[in-house]
Amino acid sequence: MMKLAVFWGCRILTSQYAYEMSIREVFPKLGIELADLREAVCCGDPVKSINNFAADYLAARALALANETGLKDLLVPCSRGHFVLSEVNDSLTKDETRKRKITDLLKGEELSYDPNVKIWHVIDFLHDRVGLEKIKKALEKPFKGLKLASHVGCQTVRYSDLGRVDDAENPRKLDELINVLGAETVDYPEKLDCCGAALTYSHLDAALSLAGSKIKALQDLAVDGLVVSCPACQMMLDAKQKDAGTAVGAKLNLPVVYYTQLLGLALNIEEEKLGLHLNQSPVNQLLTKISA
Amino acid sequence: MSLIDLMSMAKPNLKSREKFLARLGGTELVNCFQCMKCTSGCTSLKLLELKPHEITKLVRLGFVDELASSDIIWACATCLKCVQRCPQKASPYHVIMALRNLAVEREANVPEAYLKAVSQILETGVTAPVQKVTTKKMEVFDRESLKLPKINAPKESFQSTFLKALEEKQ
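Protein chains in written order, with the numbering used here: chain A, 1 to 292; chain B, 1 to 170.
Some hints here could point you the wrong way.
Subject to a maximum C-alpha distance of 35 Å in a straight line, what follows is the list of computed DSBU-like cross-link-like pairs (lysine-lysine) [to be verified]: (1) Lys-164(B) to Lys-101(A); (2) Lys-242(A) to Lys-136(B); (3) Lys-132(B) to Lys-289(A); (4) Lys-89(B) to Lys-164(B); (5) Lys-116(B) to Lys-107(A); (6) Lys-191(A) to Lys-57(B); (7) Lys-107(A) to Lys-150(B); (8) Lys-144(A) to Lys-136(B).
So these bits of chain B aren't anywhere near chain A, every CB distance computed over 10 Å [unchecked claim]: (9) Lys-11; (10) Gln-34; (11) Ser-40; (12) Asp-65.
Here chain B is said to cover these stretches of chain A; the calculated rule only asks that three of the stretch's residues, wherever they fall, bring their Cβ under 8 Å from a Cβ of chain B [said to hold, decoys possible]: (13) 13 to 22; (14) 32 to 43; (15) 48 to 60; (16) 191 to 205; (17) 272 to 284.
Source of the hints: derived by calculation from the structure; they are not laboratory data.
Since we're looking at a predicted model, the values are computed, not measured.
Where a beta carbon is used, it is the ideal one built from N, C-alpha and C, also for glycine.
Work out the full structure: start from the sequences and follow the hints.
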């Protein structure tokens, strides 16, 4: 059995419960044990705008908490968290003084930073480590006749110098993970468009317009649903879908689900255990189609 | 705010520029040859008129003070496309983030939501309070009723250490 430490970040633990529920259901079913960190802390993402040093401290602290588990693999299901934790390793490698200062701060808390932890996202862990073949074998209810679209999330794939989850301009892994469940995926011009989540801090209307335009474009393609794998993207595209519709002057009704929810359905896990009742977008449309 | 607006308002300040470039660490910014790949792919160009290549140019011309007090630096969606695509590794995203940090140090117009997030982290370790969620059928759930494990706040030493980190000038 593989064992994996998990850094959930803020958004999953405080509001995007469906992602946490579905990961906690799906991973053990694929033979992966999850170990939570001792504390729930911020990765430093919003703090990057305020004070980069303090953001690096938070990120290094999260990694230090991961070290405490003694595990060498860390799952970070949030795209933003995955980026921030990946970038801190890069910035502390390049800047010895900063590294020393942060190590000292952490020492005061009896924590030690060690970059030798492999940081995984749900997408690359399932695709590269578990593997498509193993997922295929584990399926109990593969899909038929579904047409889905993927939204990978900006920070999972950029910027490549840090070593990211997938190719920056033509990410395929999430599509392949959907395909292995028996569903078709579409390529669409807006695939790499941002959900706008980070702009909710300063420009809510613009943020909603970004999410709205993306969903609108997908509705015109008549897909059965959109698959995401980041709590910030899900918040914009699912929870705020109605507001996003108002922002772009369109009636939006596109089912949006986490990949782990979709995988859970194909693994024959009950809908409620996957938190599907928590999605705000019209997921019933999709569920009806799946059970038909 | 356009490049012309900012330039007509002030004189360049080369001292601020040198300090700012030192803060950025790398010197790649000066290698920018205004190819505009950043701006042509910018998520915030259409809606908020963010033009990353102009920001880079303004820094080079010495208008750092004006940029730090301008709203435009808060229009970045942090999608990282400009970092990815910049052929000169001048990375407008990192320039913008450094300008935001400078704006905070100077107590310029910082969107309140960022400051709120920081005080929430100080208080609880995470950026937002643990929320109850309402389903489409108007049922209310929290972590406990969803059978999710309790989450633990960071130990006491965290608050003072994070405060110390926030005092660090760059």
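Here's how the hints hold up against the structure:
no.	hint	result
1	Lys-164(B) to Lys-101(A)	holds, 11 Å
2	Lys-242(A) to Lys-136(B)	holds, 12 Å
3	Lys-132(B) to Lys-289(A)	holds, 30 Å
4	Lys-89(B) to Lys-164(B)	holds, 32 Å
5	Lys-116(B) to Lys-107(A)	holds, 27 Å
6	Lys-191(A) to Lys-57(B)	holds, 30 Å
7	Lys-107(A) to Lys-150(B)	holds, 27 Å
8	Lys-144(A) to Lys-136(B)	holds, 27 Å
9	Lys-11	holds, 28 Å
10	Gln-34	holds, 20 Å
11	Ser-40	holds, 14 Å
12	Asp-65	holds, 18 Å
13	13 to 22	holds (count 6)
14	32 to 43	holds (count 6)
15	48 to 60	holds (count 9)
16	191 to 205	holds (count 10)
17	272 to 284	holds (count 4)
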